[in-house]
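Residue numbers (the numbering used here), protein chains in the order written: chain A, 1 to 113; chain B, 114 to 227.
The hints are simulated quantities; they were obtained by calculation from the structure and are not laboratory data. Treat the hints with care, since some could be wrong.
Claimed, not checked - Part of the chain B face toward chain A, derived, beta carbon under 8 Å:
(1) Asn120
(2) Tyr123
(3) Gly155
(4) Gln158
(5) Gly171
(6) Asp172
(7) Tyr177
(8) Trp210
(9) Asn213
(10) Gly219
(11) Asp220
Beta carbons: idealized from backbone N, C-alpha and C, even for Gly.
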Amino acid sequence: GESVGLHLPTLSVQEGDNSIINCAYSNSASDYFIWYKQESGKGPQFIIDIRSNMDKRQGQRVTVLLNKTVKHLSLQIAATQPGDSAVYFCAENSDTGRRALTFGSGTRLQVQP
Amino acid sequence: EAQVTQNPRYLITVTGKKLTVTCSQNMNHEYMSWYRQDPGLGLRQIYYSMNVEVTDKGDVPEGYKVSRKEKRNFPLILESPSPNQTSLYFCASSLSWDRNQPQHFGDGTRLSIL
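Bound conformation, chain A alone:
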């Protein structure tokens, strides 16, 4: 079936380094993607989104890249800080009439001081 997946369950980086979190999707009809951050004891927090007519979108310290050819998106976090430690999810809306986001299983980002 169609799914959104993540390559790595855990990513450990040094404070100040850049982080890259990857996500693969299998539904070529997916037209909207969102990255969420979930800290312990809290709900998913919206970080950035991108539509399928774009390849790249930048926010504050974050960039999302979308490669539709290989059905892959990534979240880049510049100058990673301890406060960035969390689980990151990608989610997609495949616009199949099923009005729900499909979430990946998540990547835990650990920032080492």
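Fit chain B to the given chain A structure using the hints.
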């Protein structure tokens, strides 16, 4: 402050005792949804609502009910809770499903059914 508010945040109860988890948003959002989050299974949608009086099943609706009598509120009802409904529940809302707007989540309700 724009937010999605869930209550209670934590609840321990027993099998068969009806319970309601409330969800309220103050952003005038049309779309609202309930998810459950379980280890290894990620976030799965239970029910959603496109607007007032319009609700539909998500991926895992069995054992749950919802209602949308007002735009701001979307309660989740467990008529006869069972242990397999022990989970972390999230309510979410977005401006409109059709416009591809991001969903905003509450901080969750942890339910334990004994």
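Hints and how they fare:
| no. | hint | in the structure |
| --- | --- | --- |
| 1 | Asn120 | 14 Å, violated |
| 2 | Tyr123 | 11 Å, violated |
| 3 | Gly155 | 5 Å, holds |
| 4 | Gln158 | 4 Å, holds |
| 5 | Gly171 | 5 Å, holds |
| 6 | Asp172 | 7 Å, holds |
| 7 | Tyr177 | 14 Å, violated |
| 8 | Trp210 | 5 Å, holds |
| 9 | Asn213 | 4 Å, holds |
| 10 | Gly219 | 5 Å, holds |
| 11 | Asp220 | 5 Å, holds |
Of the numbered hints listed earlier, those contradicted by the structure are 1, 2 and 7.
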